[in-house]
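These protein sequence lines are chains F and S, in that order. Here the first sequence is numbered in numbering that gives the first Met the number 0, starting from 0 and rising by one per residue. Here the second sequence is numbered in numbering that gives the first Met the number 0, starting from 0 and rising by one per residue.
Since the hints were derived computationally from the structure, they do not count as laboratory data. Warning: the hint list may mix true and false statements.
Stated by the list, open to error - Within a straight-line C-alpha distance of at most 30 Å, the following computed DSSO-like cross-link-like pairs (lysine-lysine) qualify:
#1 K11/S / K192/F
#2 K187/S / K5/S
#3 K187/S / K208/F
#4 K227/F / K126/F
#5 K201/S / K199/F
Said to hold, decoys possible - What follows is a list of derived Cβ distance ranges for each label pair:
#6 R315/F / M126/S: 38 to 46 Å
#7 H130/F / H37/S: 32 to 40 Å
#8 A225/S / A219/F: 42 to 50 Å
We put the beta carbon where it would ideally sit given N, CA and C, even for glycine.
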Amino acid sequence: MSKRLFVKGNEAAAMGAVAAGCRYYFGYPITPQSDIPEYLSRELPKLNGEFIQAESEIGAINMLLGASATGVRAMTSSSSPGISLKQEGISYMAGAELPGVIINISRSGPGLGGIDASQSDYFQSVKGGGHGGYHIPVLAPNSVQEMYDLTLHAFDLADLYRTPVMILGDSVVGQMKEALVPNPRPVRELPEKGWAVRGKGSEEQRVVKSLFLGDGELEAHNWRLHAKYQVMKEKECISEEFETADAKLIVTGFGSVSRIAQTAVAMAREEGLKVGLFRPVTLFPFPEKALAEAAGRAGRVLVIELNTGQMVEDVRLSVGAAAQVSFYGRPPGAGSLPSPEELLDVIRKNYDQAAK
Amino acid sequence: MQQVFKRPQSLKDVQTHFCPGCHHGTIHRLVADAMDLHGVQERTIGVASVGCSVFLYGYFDIDVVEAPHGRAPAVATGVKRAKPGNFVFTYQGDGDLAAIGTAEIIHAANRGEDITVIFVNNTTYGMTGGQMAPTTLVGQKTSTSPYGRDKSKDGSPIKMAELMAQLGGVAYSARVAVDSPKHVLEAKKVIREAFGYQVQGKGFSFVEVLSACPTNWGMNPLKANARVGEEMIPYFQLGVFKKEEA
Ligand SMILES: Cc1ncc(C[n+]2csc(CCOP(=O)(O)OP(=O)(O)O)c2C)c(N)n1
Ligand code: SF4
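Please take these sequences and the hints and turn them into a complete structure.
Shown next as structure tokens:
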């Protein structure tokens, strides 16, 4: 059995990457994620791996593209402004169907913004971000343990679907320290990487590309990518529920804010209010069906985010007419993290309206 | 009868899409020749860039990764670090390497990545229709320098081979041209030598090849070829600027 450790979320993600067999890391410093490159710059050389501090985030994502094209497990990490620079490469990787893991310990934006816990990169992460109308799986951990577990999961998803995968966290999950049991699960059954460039030897030439100029080729490629996203929606949704069975109000939020929301929901339960929490763990694919079910039973949903309203759009699309949706947001700024009491207050107001 | 001239094995038996008189085709041959000479075809991973040369994989019979515009040296870094046993080269135009991709080329070179870069300088953005490049000569008219490149406004044409020679990680840097049989033979020798540096694990090697773009220069192939010697070589001097001894 693995021992219990007391580590930071960022370190847990880096440990998860190592446990997943990732031996190549390419990155550029930015707060609040620099613990990841710092950890891997120490550990990867001991494992015959490579750590490269790139000249920029653009350099880093393209190094990841090159390494992934050879079939190895590789990753990069950054934070919002750096992720903006990586979007070009992410789009190319999505187009060329290359696996790879990208950790985004996001900052508050736009522009240089700040390093406070923020969820203002939801749109950028789950709606494509780069050009060309692609999707990548986006996983939103809310604990140190999940930073580890979901990083392992991300590498499997990346190889299974031949896609970049993003872990979307913020300074709360990245910087907080709590217990971690580093138990690597067995990997899923993964396909051979028959597409990876390797020097052709006497075999057929292999080409990794996103340029399709033949008649109808690009349309067919895009339909194929679309079909892949549909399979992900069917098979790869993850969500967590807390006291939703008899709830009259479903509170939902992802990542760090879900921790505060859960405390507020527990406080509401103590007051006798029938409130439950629904937490999407995958933001793409969004757990539409599970949320629609829980919301349909309750009739009312309250979305809480550390922004002015982004995931709420996917919640509305998921529940349709089955439930009323309201939103409470705290866009980032120093000290603007809501307290459980503040959220409890919002829950009470929404609950009263639900009872009406 | 003895065969004295044949298609390099690393080159496919297909027609290219390049314009008549374009030097890309000649340069492809020379690169394939160097691959054959060093016997690296089977372990080569080429990195294609954006520009008229993007269809590299259609001509070279090797594995290829396509890079975003300007990023080929970073992609090649990832490939080579993951698979140090492979032979890795990029093939980039001047728009690709000397404009959008300057950060990537300078830092890959400075790290001394064990890769080879073939840099095709035709003083213009070919594929997009002949706009001004960082290598466009002063006074040269292009679709975005209709009055001629103005040094006070647009800066001077960048001499990449000399710049590369300044960087600590670079083992080999040279400039060649392919406008005459003599120059082609020299270019052949230099490209072979540059490839040899990587084969021996000596670090980053760089070859700039002066090249004609008849289509965007608005010249017939012969005139365009002559321009390389008359206008380009006087400014972009040929030679080996750095050659690290073993
Ligand atoms: C990010 C980005 N910007 C611009 C382009 C458009 N583009 C395609 S090819 C090219 C110029 C290529 O010129 P060069 O590298 O000199 O190669 P040549 O075509 O002359 O061989 C440009 C600007 C692009 N594909 N991507
Ligand atoms: S546009 Fe210029 S560089 Fe491109 S193929 Fe034609 S001649 Fe060659």
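Consistency of the hints with the structure:
Restraint check for K11/S and K192/F: satisfied, since their Cα atoms lie roughly 25 Å apart, inside the 30 Å limit. Restraint check for K187/S and K5/S: satisfied, since their Cα atoms lie roughly 15 Å apart, inside the 30 Å limit. As the CA atoms of K187/S and K208/F are separated by approximately 29 Å, the hinted pair is consistent with the 30 Å bound. At roughly 16 Å between alpha-carbon atoms, K227/F and K126/F fall within 30 Å of each other, so this suggested pair holds.
The hinted pair formed by K201/S and K199/F meets the criterion: a straight-line CA distance of about 24 Å does not exceed 30 Å. R315/F and M126/S have their C-beta atoms about 44 Å apart, which keeps the hinted 38 to 46 Å range intact. Against the hinted window of 32 to 40 Å, the Cβ-Cβ separation of H130/F and H37/S comes to about 39 Å, which satisfies the hint. With their beta carbons about 45 Å apart, A225/S and A219/F fall inside the hinted range of 42 to 50 Å.
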